[in-house]
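Which chain is which? The protein sequence lines are A and B, in order. In short: position in the first sequence from 1, add 1, done, that's the numbering used here. In short: position in the second sequence from 1, add 13, done, that's the numbering used here.
Incorrect hints may have been included.
Unchecked claim - Some chain B residues flagged as far from chain A (calculated, every beta-carbon gap over 12 Å):
| hint | residue |
| --- | --- |
| 1 | Leu-18 |
| 2 | Pro-122 |
| 3 | Thr-133 |
| 4 | Thr-145 |
| 5 | Ile-214 |
| 6 | Glu-224 |
| 7 | Ile-227 |
| 8 | Arg-239 |
| 9 | Trp-255 |
| 10 | Lys-287 |
| 11 | Glu-410 |
What the hints assert, rightly or not - Cut-off 30 Å, straight-line C-alpha distance, at most; resulting in silico cross-link-like pairs (BS3-like, lysine-lysine):
| hint | chain 1 | residue 1 | chain 2 | residue 2 |
| --- | --- | --- | --- | --- |
| 12 | A | Lys-78 | B | Lys-190 |
| 13 | B | Lys-190 | A | Lys-84 |
| 14 | B | Lys-190 | A | Lys-65 |
In short, the hints are calculated from the structure, not lab data. All values derive from a computational prediction rather than experimental measurement. We put the beta carbon where it would ideally sit given N, CA and C, even for glycine.
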Amino acid sequence: MREAYSAQLAMVTGILVLFVAGTFALIQSPEVLESPGITAVTVGQAVPHPIEGHENCDSCHGRKGMKAYPINHLGWKNESCMKCH
Amino acid sequence: MRPLLYGTFWIGISLAIIIAPFLVLLIGPIPPGRGFWREFSVGLGFMGLSMMGLQFFLTGRFKYFTSPYGIDVVYHFHRQISTVAFILILLHPLIIFISTPVTLALLNPISAPWWMTAGTAGLVALAVLILTSIKRKELAIRYEPWRLTHGFLSIVMVALSLIHIEGVGYYVQGPLKRWFWIGLVAAWIFSLVYVRIIKPIWMLKRPYTIEEIIRERGKTWTLVLRPEGHPGISFKPGQFAWLKIGKSPFAIREHPFSFSSSAMRSDKIEISIKELGDFTSTIGEVPPGTRAYLDGPYGTFTIDRHTAPGYVLLVGGVGISPIVSILRTLADRHEKRPLLLFYSSKTWEEVTFREELENLTRRLNLQVIHTLTKPPEDWKGERGRISAEMMARYLPENRVDCEYFICGPDPMQMAVKKALEELGLPLEKVQSESFNFI
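Okay, chain A solo, but in the shape it has when bound (with noise of 0.2 Å):
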C-alpha cells in the first residue's frame, strides 16, 4: 500500500517537474504563445536598422527607451544584444 503511494509520488514529482520546466519555457520564449507560426528554435529577430553608430542598444531599447526591450532582457549588456540578434 504504502509503496504504491511512494510509485504514484515519484510519477506526479516527474509530471511536476515536467510543468515547472514547461512553464519556465515558456516565460523564456513568449514568442511561442505570441505568433504561433513561429518556430521554438528561433533565437530572437535580426536588427532592422544599422548598427554602425548606434552601438548603444540601451539608449534606445533600455526601460525608459522609446522601444523599451522586454522585462526579461532587464540587465544584459550592450555587448550582449547582437549574440542573438
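Dock chain B against chain A, hints included.
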C-alpha cells in the same frame, strides 16, 4: 496524525529542493531565452540533477526523514524517483538533438568542448548506475561490489554534471546563483560524509559482541548480541537494523535484519537470520566473541504505531523473526488482547521458533495456525499457502477492526494482500514491510 504531518512536511521539502534551481534562476537578471525546446530541455536537466542530488539524502538513513514513511518505502521511492530523474535527464540532450540536429556533433569528444564531453560522460555514468541497480540480480553482480560501484558512479555522475553546468555557464552567473549551487553541493557532500564517516564513528563507540549463536529450526540462526560499554539499542517490536559483523563499522558490508528478541530488553539483542544468500549462508560459522555493529532501529512494521482491539499476524517462512519479537514483547507487557497467527512453512520440522510459539500461547491470548506446503501424510492441520478461505474460518467477527501484519517473501505478501482484499478487509489496516532494498 504526527507521522502524516511529518510525512507531508518532508515531501514538501523534497519538492522544494527539486524545484529550487528554478526559483533561484528567477532571481536577479535572467539571460534571454534561446527558444522553447532548448529552455524546456535545460529545465529538465537542472531539475533532474536536483532530483539525483536528493538521493544522497534519501539513502542517508536520516531517522527524522525516514520515520514517517518507513525506510523500506523510502528506498522504494529512491528507486522510483531515480528512474524518473534518469528519464528527465535523458530527455535533456534528446530534445536539443531533435530540435537542433546540428548539435549532434557535440557528441564527438574530439571536437566537442570539454564541458559537453563532461555532460555526455555524466549521462553514461547515470545510465550504468540505473541499469546495474535495476538488473543487478540478472547481471549476477554481488552486493558489495555493486554497492561500491553504485556510490562511486553517483559521485562521478553528479560531479560531471556540475562541470557541465559550470562549463555552459548559462543561468548560473551571479553571486546568488553561484552560492546557491555551492550550498546545494555542500549539502550533498555533507550527506555523504554523514553516512560514510560521522555515522560509523558514532557506531564505533557503540560496539556489540556476538555472545552466542543459536541454531534454530528451518536453517535459521539467532545471533545474541551484548552491548559493550553502552546501554544497547532501544527499538520497537517489529523493527530492524543494519548489521555489520567485524572489527570496523566503516566496512561496506552490512545487511538489514529484524530483531527477534523482546523490545523490553535493550541489554541483550537477538537477531534471527535464515540462510538465504551468500552472506547469510555462512552466518552459523561466525565465532562467538566476534565484534558487531548495529545501525538502527528502522521500520514502521510495529504494533506500537497501530492501536487495535486485536491483531492478525500473517507469516511466511523467514518472516517469523519480527513477529516473534512482537509476540515476545507483548508477552513481557502482559498483553490481553486476542492475537491470531497464521504461519506458513514448508515442513513441520522446518517451522522456525515452533517451540517458542507454543510457549508464547501460554503467556498470551494467542492462537497459532500452522499451515504446511509439504505436510506429512498424518498431518491434521492446515495445508497449502495462506488463503482467503483459510483465514475466513479463523478470523474473529470484529475482523474489520483488527490490524493485519504481513511478513514474508514478496510473492507471499502479494498473495496474502489479495486474499485480504477478497475478504473485504480495508488495506489501511494491513501493514507489511519489504526487505528488497536494492
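ask   = Per the stated criterion, does the least C-beta distance between Arg-239(B) and chain A lie above 12 Å, as a non-interface residue requires?
value = holds (34 Å)
ask   = Is the straight-line distance between the alpha-carbon of Lys-78(A) and that of Lys-190(B) 30 Å or less?
value = Measuring from Cα to Cα gives roughly 19 Å; hence the hint holds.
inquiry  = Does Glu-224(B) clear chain A by more than 12 Å, comparing its Cβ with all Cβ atoms of that chain?
reply    = At about 35 Å from chain A, Glu-224(B) clears the 12 Å cut-off, so the statement holds.
request  = Would you check whether the claim that Leu-18(B) is not at the interface survives, using Cβ distances to chain A and the 12 Å cut-off?
outcome  = Holds: least Cβ distance 16 Å, greater than 12 Å.
message = If we take the beta carbon of Glu-410(B), is the closest beta carbon in chain A still more than 12 Å away?
response = holds (24 Å)
query = With d taken as the least Cβ-Cβ distance between Trp-255(B) and chain A, does d exceed 12 Å?
reply = Non-interface label on Trp-255(B) holds, nearest chain A Cβ at 20 Å vs cutoff 12 Å.
ask   = Lys-287(B): least C-beta distance to chain A exceeds 12 Å?
value = Given a closest Cβ separation of 23 Å, the condition holds.
query = Minimum Cβ separation between Thr-133(B) and chain A greater than 12 Å?
reply = holds (21 Å)
ask   = Hey, does Ile-227(B) actually stay past 12 Å from chain A on C-beta?
value = Ile-227(B) is indeed farther than 12 Å from all Cβ atoms of chain A, at 33 Å.
request  = Decide, holds or violated, for the assertion that all CB atoms of chain A are farther than 12 Å from the CB of Pro-122(B).
outcome  = At about 25 Å from chain A, Pro-122(B) clears the 12 Å cut-off, so the statement holds.
inquiry  = Hinted pair, alpha-carbon criterion (30 Å max): Lys-190(B), Lys-84(A). Please report holds or violated.
reply    = holds (22 Å)
ask   = Is the straight-line distance between the alpha-carbon of Lys-190(B) and that of Lys-65(A) 30 Å or less?
value = holds (27 Å)
The structure agrees with every numbered hint stated previously.
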